[in-house]
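Trainee: The chain contents come next:
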Amino acid sequence: MDKTNPGNFFEDFRLGYELRHATPRTVTQGDIALYGGLYGGRFALASSAEFAAACGVSPQPVDDLLVFHLVFGKSVPDVSVNAVANLGYAEGRFGMPVHSGDTLTATSKVIGLKENANRQTGIVYVRTLGFNQQGETVLEFVRWVMVRKRDPNSEAPEPTVPETAPFVAPDKLILPMGLNFSHYDPVLAGSPHFWDDYRPGEKIDHIDGMTIEEAEHMLATRLYQNTAKVHFNQHAEAGGRFGRRLVYGGHIISLARSLSFNGLGNAVKIAAINGGRHVAPCFAGDTIYAWSRVEEAWEIADRPDIGALRIKTFAAKDYPCGDFPGDEEAHPHLVLEFDYTVLMPRRF
Amino acid sequence: MDKTNPGNFFEDFRLGYELRHATPRTVTQGDIALYGGLYGGRFALASSAEFAAACGVSPQPVDDLLVFHLVFGKSVPDVSVNAVANLGYAEGRFGMPVHSGDTLTATSKVIGLKENANRQTGIVYVRTLGFNQQGETVLEFVRWVMVRKRDPNSEAPEPTVPETAPFVAPDKLILPMGLNFSHYDPVLAGSPHFWDDYRPGEKIDHIDGMTIEEAEHMLATRLYQNTAKVHFNQHAEAGGRFGRRLVYGGHIISLARSLSFNGLGNAVKIAAINGGRHVAPCFAGDTIYAWSRVEEAWEIADRPDIGALRIKTFAAKDYPCGDFPGDEEAHPHLVLEFDYTVLMPRRF
Amino acid sequence: MDKTNPGNFFEDFRLGYELRHATPRTVTQGDIALYGGLYGGRFALASSAEFAAACGVSPQPVDDLLVFHLVFGKSVPDVSVNAVANLGYAEGRFGMPVHSGDTLTATSKVIGLKENANRQTGIVYVRTLGFNQQGETVLEFVRWVMVRKRDPNSEAPEPTVPETAPFVAPDKLILPMGLNFSHYDPVLAGSPHFWDDYRPGEKIDHIDGMTIEEAEHMLATRLYQNTAKVHFNQHAEAGGRFGRRLVYGGHIISLARSLSFNGLGNAVKIAAINGGRHVAPCFAGDTIYAWSRVEEAWEIADRPDIGALRIKTFAAKDYPCGDFPGDEEAHPHLVLEFDYTVLMPRRF
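Chains as they are written, first to last, in the working numbering: chain A, 309 to 656; chain B, 309 to 656; chain C, 309 to 656.
Derived from the structure by calculation, the hints contain no laboratory data. Honestly, I wouldn't trust all of these hints.
Pairs involving identical chains hold if they fit within one copy or between any two copies, as the list cannot separate such chains.
As the list claims (entries may be wrong) - Calculated cross-link-like contacts (lysine-lysine; reagent style DSSO-like; alpha-carbon spacing at most 27 Å):
#1 Lys417 / Lys537
#2 Lys417 / Lys511
#3 Lys620 / Lys311
#4 Lys620 / Lys537
#5 Lys511 / Lys537
#6 Lys422 / Lys311
#7 Lys457 / Lys480
#8 Lys457 / Lys537
#9 Lys311 / Lys511
Same shape as in the complex, but just chain A (with noise of 0.2 Å):
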């Protein structure tokens, strides 16, 4: 019997099936560090245990896109190892906060499968669901990524597309237990401006580039245990699409995302997922700028201390982000749309 596990193809995959997958993962300071290392996040409640608990929550919180990745890392063997491309994300919630010490596992179900014309590919729609050791939901979203077939003649399933939300509504949004913005200090924090200085099509220059390195994008991809052959291997990626290895989609999040603390400083806590495309592939060498557009800004029932902004963030390669590619029309530069709700302090 062959021990090796070539992850599902296309076919493998059938309306309403239940993936739970492995391996389980205990997060710890070691992770939140790592992450702090490999992006430089500045977002005050997941720098700071004292500022979080002046927040009302302790302990800590782990930064929110670290716990998207580790989910998402651990769906990749099961979904996404013969993957194509990732194509996009949508109702991403966060529920839970996880904390130092807990430990992740995560499932999916096929909710949408869709062969291509070409017949070498097909979609295949998942909502993942992430858990603490409780049980409890700590991130729940959908994403659609474009499958291999084993066999290209192979016989197609009835075409299922499931319907999903433009972006999770406000009334959805889970607020951490006891998370409180009464007595936010923004100096400390590191940013003026609160939730009510931001409007709807508002648009942000985060100014700053980053540039990639090989060394951190495969040390963060393999800290999320993320097993996508294509990001770590130059000896095959020689001769493949790009000659070079990919870059994880993610990484790109998290650096646009920590890039965006300067004019988004007080964007604290990531709520929602809206949805993201991830529109260019990026590689080391790759210097990644970012602007943000405010879609959306919505009061939180019974919370004068809280406000919520759907922000959509745009990054691109080799670009400063001054004229806001990609708001118009697409921009070759650009590489990421990434849309998602934020929780800010409210003027008090």
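Here the structure of chain A is known, so what remains is to put chains B and C in place on it, guided by the hints.
Mentor: Showing chains B and C alone in chain A's frame:
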């Protein structure tokens, strides 16, 4: 008085010498996370505190090879800082599990000495022991290294070559206190293959490859406080034998171990290191592939839940292992042969 | 209202201004491990909790230079994000030891201002203080940086250059509570040389060299949440003064400190930073070597177990330090002069 330490040369060793190594090292969650980022390991016992607890071991033990590298690293300044080559290992056995917070120390005893015919170098055999802060042995192993002589004309000691066992006998393996695989969950662990499914002579290609970067192998080697000069100094190595920094051999062992998850996913615990040989040097830019052969399958007395497999894992560079390079004869791409014994759950 | 923060220019500083820096940062075991992987330090007090406890300090204090970098990093967005050069340090003194779990904050007071003759830039002198979550001072230091003016024609303040002490007087050094070297174990610590063995004027070549990689200095600088642009953005720096990303000067200090173990292995605690000068910029690919000169040897009142050494460590790039470059005059390979005071065990 000269304050810098040139390290020991072949003449400085005497049979029976006991070397007490500096410097004690406290192992933490941080080391575990960085080790994870460097290799991307997914073996469930080291990945999840909850999984470990469900297997009866709590607190969670630190990855066995991280312990190996740390103890090995302690021995470098005294044993091999002037070594030309690390020649082999034998009689490696893990004892008390190491936990986050433990402090490791190490000693080595000189058990063999043999000058080489060219009189420039000699082989030093040591038995190295690693201890925790209670003085309990966490690891022991024999290794032998080729060490430069200070002066080719200096007198050589009587040659003494210790006899070492070809492998650690199964009745000598130390099971971690409490380890119990009766409720082992193979889906969570990520592999359906139990001890019962493996047969001596079986070969497993681990398929994937991982490319080495300078920043990665140096981060790893410094994490282990391994001070061997050849890994860090491009200015000096540019004029050396290879013109490049050499990758610490243990880095290759950990890469191969991590790749071996695909096919040996339930080999969650290394109990012994029977032998090992760094067949050829590795450098940044090399892509490491691996395959394994099952050498022996042993029952463990009175343990219907646990079996042991003696495994030989081969690593090759820039060469996928589908044809099992190095099995029949020397192979130009082979870089490592590593012979070790793992504990695996049995079907119940 | 523009949400992005361009940072302060020379005109924005006023004598006496107090800057309260963002963002608080909790230090953990993870930071300590990553710091270890970046520099490979072996000083026993920072390497081993057990060794620290045997020296009377428990819980184990965090490496002094990691504390320095974190506090320094806090000050960058307010003080030096528009700096051309980091010119010097003085009157650096470590206070309360920092432990894993502590949260650091920082403030800076403007203590000097002097426009340069070209009117393009000016020198800003600040006294920076780092605090733990109890408000206790963990570190203070003076530094001065050359900062761009927003407008060369803008009026300059009256020039004020603060007087700083040439070194921190030995009776001003703060010993960690409980520190006691009466039972110091030099074999475990890795060096036989006590305070008593060093003489002012003595020079020590630290022999080894360490080559810098882009991924490493960026991981380090982000770990410190240091946001200076020149370290991260190859796309912008390609058109800049050097065509390359500049390595954070503090990275060189930590490399030199780590190399200095060979010869100063018992200099387990830095008590003061008397001065420092980044003589030349460093880049990825440079190999750092170091040597040290003992400047002064001081007894500590009523402490027969502890002595202080004022040390000047010099770092050179791509140049082994056997002939002590920079001792007599400027040397083309010299990159750093760092003047600091260490605590060492005395013979008893």
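Trainee: Regarding Lys417 and Lys537, is the shortest C-alpha distance of 27 Å or less found within a copy, between copies, in both, or in neither?
Mentor: Only inside one copy: Lys417 and Lys537 sit 23 Å apart there, 43 Å across copies, limit 27 Å.
Trainee: Is it within a copy, between copies, both, or neither that the alpha carbon of Lys417 lies no farther than 27 Å from that of Lys511?
Mentor: So Lys417 and Lys511 fail the 27 Å test inside a copy (37 Å) and across (34 Å) alike.
Trainee: Within a copy, between copies, both or neither: where do Lys511 and Lys537 come within 27 Å Cα-Cα?
Mentor: between (36 Å within a copy, 22 Å between copies)
Trainee: Taking 27 Å as the upper bound on the Cα-Cα distance, should Lys457 and Lys480 be classified as within, between, both, or neither?
Mentor: Cα proximity of Lys457 and Lys480: none, with 37 Å in one copy and 48 Å across.
Trainee: From the Cα coordinates, with 27 Å as the cut-off, is the pair Lys620 and Lys537 best called within, between, both, or neither?
Mentor: Classified as between: cross-chain Cα gap 24 Å, same-chain 29 Å, threshold 27 Å.
Trainee: If the cut is 27 Å between Cα atoms, do Lys457 and Lys537 qualify within a copy, between copies, both or neither?
Mentor: Within one copy only: 17 Å inside a chain, 45 Å across chains, cut-off 27 Å.
Trainee: Regarding Lys311 and Lys511, is the shortest C-alpha distance of 27 Å or less found within a copy, between copies, in both, or in neither?
Mentor: The answer is between: 9 Å across copies meets 27 Å, while 52 Å in one copy does not.
Trainee: Using 27 Å as the alpha-carbon threshold, which applies to Lys620 and Lys311: within, between, both, or neither?
Mentor: This pair counts as between: shortest inter-copy Cα distance 16 Å, intra-copy 44 Å.
Trainee: Go through the copies and call it for Lys422 and Lys311: within, between, both or neither, with a Cα cutoff of 27 Å.
Mentor: neither (30 Å within a copy, 43 Å between copies)
Taken one by one, the earlier hints fail for this structure at numbers 2, 6 and 7, listed in ascending order.
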